[in-house]
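Visitor: Using the hints provided, position chains W, B and U relative to the given structure of chain G.
Protein chains: 4
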Amino acid sequence: MKTSDFEVERLGPCSIEPPVRRSTYQSDDRGILYNINQPLDTSRREEPVWLERAGAREHIYFEPGQVRAAIVTCGGLCPGLNDVIRGLTMVLWHRYGVRHIHGIQYGYAGMVPGTAFEPVGLTPEGVEDIHKDGGTILKSSRGPQDPDAMVTFLESLGINILFTIGGDGTQRGALEINRAARRRNIELAVVGVPKTIDNDISFTDRTFGFTTAVDRSREPIVGAHMEAKGVFNGVGLVKLMGRQSGFVAAHAALASSDVNLVLVPEIPFTIDKVIEFLKNRFERKTHAVIVVAEGAGIELLPTEGKDASGNVKFGDIGLYLRDIIKQRLAEEGIPVSIKYIDPSYIIRSAPANSLDSTFCFLLAQYAVHAAMAGRTGMVIALLNGQFVHVPIEKAVSSRKRIDPKGSFWQSVLDNTGQPESMT
Amino acid sequence: MKTSDFEVERLGPCSIEPPVRRSTYQSDDRGILYNINQPLDTSRREEPVWLERAGAREHIYFEPGQVRAAIVTCGGLCPGLNDVIRGLTMVLWHRYGVRHIHGIQYGYAGMVPGTAFEPVGLTPEGVEDIHKDGGTILKSSRGPQDPDAMVTFLESLGINILFTIGGDGTQRGALEINRAARRRNIELAVVGVPKTIDNDISFTDRTFGFTTAVDRSREPIVGAHMEAKGVFNGVGLVKLMGRQSGFVAAHAALASSDVNLVLVPEIPFTIDKVIEFLKNRFERKTHAVIVVAEGAGIELLPTEGKDASGNVKFGDIGLYLRDIIKQRLAEEGIPVSIKYIDPSYIIRSAPANSLDSTFCFLLAQYAVHAAMAGRTGMVIALLNGQFVHVPIEKAVSSRKRIDPKGSFWQSVLDNTGQPESMT
Amino acid sequence: MKTSDFEVERLGPCSIEPPVRRSTYQSDDRGILYNINQPLDTSRREEPVWLERAGAREHIYFEPGQVRAAIVTCGGLCPGLNDVIRGLTMVLWHRYGVRHIHGIQYGYAGMVPGTAFEPVGLTPEGVEDIHKDGGTILKSSRGPQDPDAMVTFLESLGINILFTIGGDGTQRGALEINRAARRRNIELAVVGVPKTIDNDISFTDRTFGFTTAVDRSREPIVGAHMEAKGVFNGVGLVKLMGRQSGFVAAHAALASSDVNLVLVPEIPFTIDKVIEFLKNRFERKTHAVIVVAEGAGIELLPTEGKDASGNVKFGDIGLYLRDIIKQRLAEEGIPVSIKYIDPSYIIRSAPANSLDSTFCFLLAQYAVHAAMAGRTGMVIALLNGQFVHVPIEKAVSSRKRIDPKGSFWQSVLDNTGQPESMT
Amino acid sequence: MKTSDFEVERLGPCSIEPPVRRSTYQSDDRGILYNINQPLDTSRREEPVWLERAGAREHIYFEPGQVRAAIVTCGGLCPGLNDVIRGLTMVLWHRYGVRHIHGIQYGYAGMVPGTAFEPVGLTPEGVEDIHKDGGTILKSSRGPQDPDAMVTFLESLGINILFTIGGDGTQRGALEINRAARRRNIELAVVGVPKTIDNDISFTDRTFGFTTAVDRSREPIVGAHMEAKGVFNGVGLVKLMGRQSGFVAAHAALASSDVNLVLVPEIPFTIDKVIEFLKNRFERKTHAVIVVAEGAGIELLPTEGKDASGNVKFGDIGLYLRDIIKQRLAEEGIPVSIKYIDPSYIIRSAPANSLDSTFCFLLAQYAVHAAMAGRTGMVIALLNGQFVHVPIEKAVSSRKRIDPKGSFWQSVLDNTGQPESMT
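Protein chains in written order, with the numbering used here: chain G, 41 to 463; chain W, 41 to 463; chain B, 41 to 463; chain U, 41 to 463.
Chain G on its own, in the form it takes in the complex:
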């Protein structure tokens, strides 16, 4: 990995004065170090990797009066979508004087020629209060569209800045759009705001909606705890988000301190071990709380095709666990009463908590600064506590996952008291 891998594409030099003048700007000649955890022995250190810092530039690339911006939200709901839409609109309008802001409806499905869903005009008045609701005022859809068709559509509206709010698949699509525009020599800045409630995008400390999801997981876990404690040999089982990474489940367990076993996609487990765990627990206590990430233990399940975004569809590990625990303990003559809670849509549809609201505003603001300065093919990320520009290619190159040997997972083990190995 080298600093040059993280160089962000630019449409051209910045020579235009932005309309609002401030006393300070971010210059291009500073960077943020990526690899900050190093051996003290200098001879053993990795090559330092520097990322471009986000922020307002003193000179920008686009003439604000000629900007036609578009915003699109894709994939499932995530707390903070409206905060990002609001922030983008407010900063474009008030800080840069942009007056043409199009809200694409229904994700990429609303961004192809002949779509039934016209873009809507976005103004400060229209977006003023939208962050108080969950969901997305622009609506969403799943799955890819033809990049060339999307560029043609954007060209027909004269769009020269596109903000893509979405996950992995969405940002891959954004990358294709960016490449198509370059290929066709169309001036288009494509700047993404990564969205994954699972918090599994690389080169970013966390993604928006994640802390809200962890906050909102508290109530179902408390409920599971109370249900479990209310009967003899009660098990409260909660399924949380996390298809390939168990950050929501693990953080929720840590935050609650009521969880006795957390199962995540990164750590394999067997049903035998889960049953053994419960039997041991029931010798000491009359209840247990289990949190399982939706992607945990998928190797135990048959797959069920793919969804519209092309993600493999899993069987439901929550229902599977509920039934197999009931069956296996019944076979052994051990009474158990298991209550299963799946709060997924309640969490995904929630409005952002304060931390995420602030985070979304900052992400949106830095996305606008980047786009106005002609950056493209990039996403905004928070890395080591600093906002930076990351090329989309790097951001989608691999998923962030819990390291079973890392100190975070060790903390989870210390908190739940569960065995280090579940196989």
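The calculated DSSO-like cross-link candidates involving lysine-lysine, where the alpha carbons are at most 27 Å apart (straight line), are: (1) 353/B <-> 366/B; (2) 172/B <-> 325/U; (3) 172/W <-> 325/G; (4) 172/U <-> 325/B.
Derived from the structure by calculation, the hints contain no laboratory data.
Guide: For chains W, B and U alone, kept in the frame of chain G given last:
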């Protein structure tokens, strides 16, 4: 119906001075009118029915120093259980000086000779903060036990007052216990606090936990609304409590004003009509919110045996509706995206809201006053805004249900805009 | 008191068919009994008093196409104001086809000729989501205006139905408006929805916003409890709403069960007794929680003129208690750390909880039914659990207050453990 | 600044095997880079500064069977105190087998010979659920005590590890205790967990309780917004925490996006400018929301002595602003209605949100690892997203404050729209 039907059984005359003296008491010579909605034309009026008013009596039946009280909680969780346990303990202890208060564990299962679950001693210190948690510190179980065995168990501990906190089945059990004690000439006051999150006990305005359940239904409904609005032809479907009565679903719909269709056990519906409703709606709007009570439309479903309490087990109307709507609209080539939320255990396990906390304290207090005054075979109820004594036989004689021709259901129709007939 | 005192004024006979037909209506020949708590000895019973039941009538007075309705909100904020505005608009529009609905701005100040604040048009789209916010979209003001001027203003807009949402003073103003219209022979139905967060209007079980206020008092009381317990001889002091009636304070204390002393306007107290109470408490415990209603102990304070609505302004009993406790205990050499919390505006500005949202919708709906049926000079009330029509004159004739000898206050004493007399 | 300035004191070499063996440990030969934002031009870069990484070591200093640990909480309440107490106890007990854990009561006041407040024993059972409540089960007090007396007290109990949870003053006290112990050759590890709801400790990204405080500021700000919008020329004024740094106020403003003016200690302002701001605003809108940090504009106020911890006591800027705005606008004949909200104690006494609960567990865990490895005179900090050891001397050397020229404050300006200069 006559006033004499509501006469409450007494163990004997009250001649003992309670230890805490107050400036006012409730005398036995007043009643609360049951049938208050009458024709103005006096000739057409029903016979007035009077119920015994709850409250502290100036003289009581039991010598406080000789009281050994027991408290039992049965059936599923309901917000406020701990509030009632706390209130009973506090008022017995501080107002009447009772020092022997047994908490039966695991419901009626913990009230038979040879049970593995010993009763626990309850004191003000032990219960001080329990109302801040959901669940029940006494744990619970489902299903009946032999009344004679339970009386034998109580007799062995010297219990002379039993408080039964539970639903229909529990209070029927309490009635059997009361009869067995009378038969065997054992001095035992049995006073119930009716518990039904569905709010379907007769002769009571509402039961504890009900308003908390309605409050806690707001978040899932808002989530369903946001999920529905976030996609094209989105349907948010929420299943709420209500096996035979749809009060939770209907009140939650009224409170939210986001619901377009509410389906309750009292009002029959066909799948054809639901599909027609959605098709009409999708001609005007791109989303719909449906709330269904768990007991609605059971005639559409196969039954699946009985649960431990002897209640018939339904198939899951929520899952059924989700699948059939998807399938039927797909057959007609109408796109739909349906998100299903089942918040049941999150709601049942929640702590009581303020209104329910107050209500539980008052119920508990009046239950203690009644028992100390030697009443038995009765439950405490709130009727026409007044606390009264109701014989168990009357309370369990029939279920309270929504009247499809009554003004409450008319208000629901006005709020949701749904058709008066769904068949 | 006689049934005839509660006869509601009518503009004329009802002969028009409402546009939406339903299977059931409320007939005029039934009533709701007011005095339901009576001696069982029939010879000692009070004369029964019957009130007119609220509800949709089969025939109405106004031709819907000719209705021009106006809605005004007056006085301080109260949870549920927007719910009432929304409910009135929805039911007028959808149930009766009324298309001219004026929202008066800034209370009675916006209802006089020459006002700077034009009424706004209200439609279902405009009010759809307003109940999710606290406050009032129509804004408010305090204080009376000339009734004749207001009638002239309404006449100039052709208004024939006026809904007044406000407290005592507002409804007195509504009564004046009604009288002026009658005097001037102007066809105007005036129907009020009583608003008092203090819950102190007569002939109504509770007013909207009250249970939300009690709910929202929980967090400050818990905070006071924690602050008090966190230091040596800590006192948490919370001031709650209640100028002349202590219902909010007393209910909040009951709901929390953390309160050791609640001071309300109905029960006199001396500072000496408060100090004595704390000294006794500090001999057993190291903390205390006190809740004081804003109107408690005003005789201990200098008054400070009147506010714009003509209510006498009190000095602040909360600040007074905080300072005098600190000073008096310091004089006696007793350490104390007192934390004072005044959550008033946080509570008043909150959105309605579910119970209040439902209640507001029902109040609004019944107000529309009443007005369309030509009732005037009345308010909608919930009495003994039933919605009824109450003449404004009766509703404002006296305030509802806690009865120091009643069972509710006895319950509060049992809950807090405070002495029956504080003088 | 050099790496050697951040070297953490050690009681001695680590040679003992901890009782719980794990597959991974943190070695001492890695560091975390402090200064990660650098010029890309290598010739202009600062000297890199490396901090010691927190984490479990493979070998520890203390023999677990001989450890007697003590925990003390000082100063005002802060969300998360109980989480830290719980985490310390759990990790000491379960991970290291420590069985002597003393909870010092009432802060440093309970840590001197002859104190009236005996330490309490802490066990997993005793602390299991304490994190669900705000406050501190150990109680607290303000102000310093003699370091030598405290060391004598600890020595008398055989304490060899002391965890100090508190702010600036507390950690200065901890430093004195550490020095006194060294001087007297007493084996004592002193490890601090910095507590400042204001988030103004240096060398740490954030402190526990901060995000909860920002979350809990949302409701009062929404209330202020609603109150302001509910009347003509309404001003909602909210005072938030922040004596010398305005992070809570600024983050709360960003999170809410309803705030029009935020006043913090770091940015001077004049009353003239505030009045001018309001007059301008009232030309365009009829309401305004102002958030003021408690330490903002203190130069405008008379001081009022010092509190028990030795902090200078300010007059109340909130009350001052409320009164001066009212007065000044009245003088100019501009109507205004101002509502003032001071939610301080409600926020400070709240339980931690999920993010803070997790954070507190991790801080506690790393504090235990550090102490068991013989580190002393240090605090645990989160720096650039990594947990590190920071010598107390560095942590208390200066306060973290908002940089008026930094990008964070620029974001606040973009969000509120307020002028860059208020003087």
